[in-house]
Amino acid sequence: MVEDDGRGIGPEEDRQEGPGGLEFMAERAALVGGTCRIGSSPLGGTRVEVVVPLPSRLLPGS
Numbered sequence: 006m007v008e009d010d011g012r013g014i015g016p017e018e019d020r021q022e023g024p025g026g027l028e029f030m031a032e033r034a035a036l037v038g039g040t041c042r043i044g045s046s047p048l049g050g051t052r053v054e055v056v057v058p059l060p061s062r063l064l065p066g067s
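Going left to right, the sequence shown walks through residues 6 to 67 as my numbering numbers them.
These are computed hints drawn from the structure, not numbers from a lab. Incorrect hints may have been included.
[Unchecked claim] Pair ranges (Cβ atoms, derived): (1) 61 to 10: 35 to 41 Å; (2) 10 to 59: 28 to 34 Å; (3) 58 to 9: 42 to 48 Å; (4) 26 to 61: 30 to 36 Å; (5) 62 to 12: 38 to 44 Å; (6) 66 to 44: 31 to 37 Å; (7) 28 to 8: 15 to 21 Å; (8) 39 to 8: 26 to 32 Å; (9) 60 to 28: 32 to 38 Å; (10) 26 to 64: 27 to 33 Å; (11) 62 to 6: 23 to 29 Å; (12) 37 to 11: 27 to 33 Å; (13) 66 to 32: 16 to 22 Å; (14) 40 to 13: 16 to 22 Å.
Glycine included, every Cβ here is placed at the ideal spot set by N, Cα and C.
Produce the complete structure using the sequences and hints provided.
Laid out in structure tokens, this is it:
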């Protein structure tokens with residue numbers, strides 16, 4: 006998770022398409038079975054949270 010303390014981001018605001026954009030980041034996360042949530046941080050600013058599952062062979066005890 007990454008947060009900043011700037012002005013924040015709206016639901017579709019500032020999400021440029023193409024390489025380097027936030028939508029591109031979400032697409033890349035989805036390709037490996039993950040999720041990407043982009044929105045405003047509770048204290049102001051923007052929050053980007055990417056969750057990617059680990060393959061079972063990388064989990065402790067495997």
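A quick look at each hint next to the structure:
no.	hint	result
1	61 to 10: 35 to 41 Å	38 Å, holds
2	10 to 59: 28 to 34 Å	30 Å, holds
3	58 to 9: 42 to 48 Å	26 Å, violated
4	26 to 61: 30 to 36 Å	32 Å, holds
5	62 to 12: 38 to 44 Å	43 Å, holds
6	66 to 44: 31 to 37 Å	34 Å, holds
7	28 to 8: 15 to 21 Å	19 Å, holds
8	39 to 8: 26 to 32 Å	18 Å, violated
9	60 to 28: 32 to 38 Å	26 Å, violated
10	26 to 64: 27 to 33 Å	32 Å, holds
11	62 to 6: 23 to 29 Å	25 Å, holds
12	37 to 11: 27 to 33 Å	28 Å, holds
13	66 to 32: 16 to 22 Å	32 Å, violated
14	40 to 13: 16 to 22 Å	20 Å, holds
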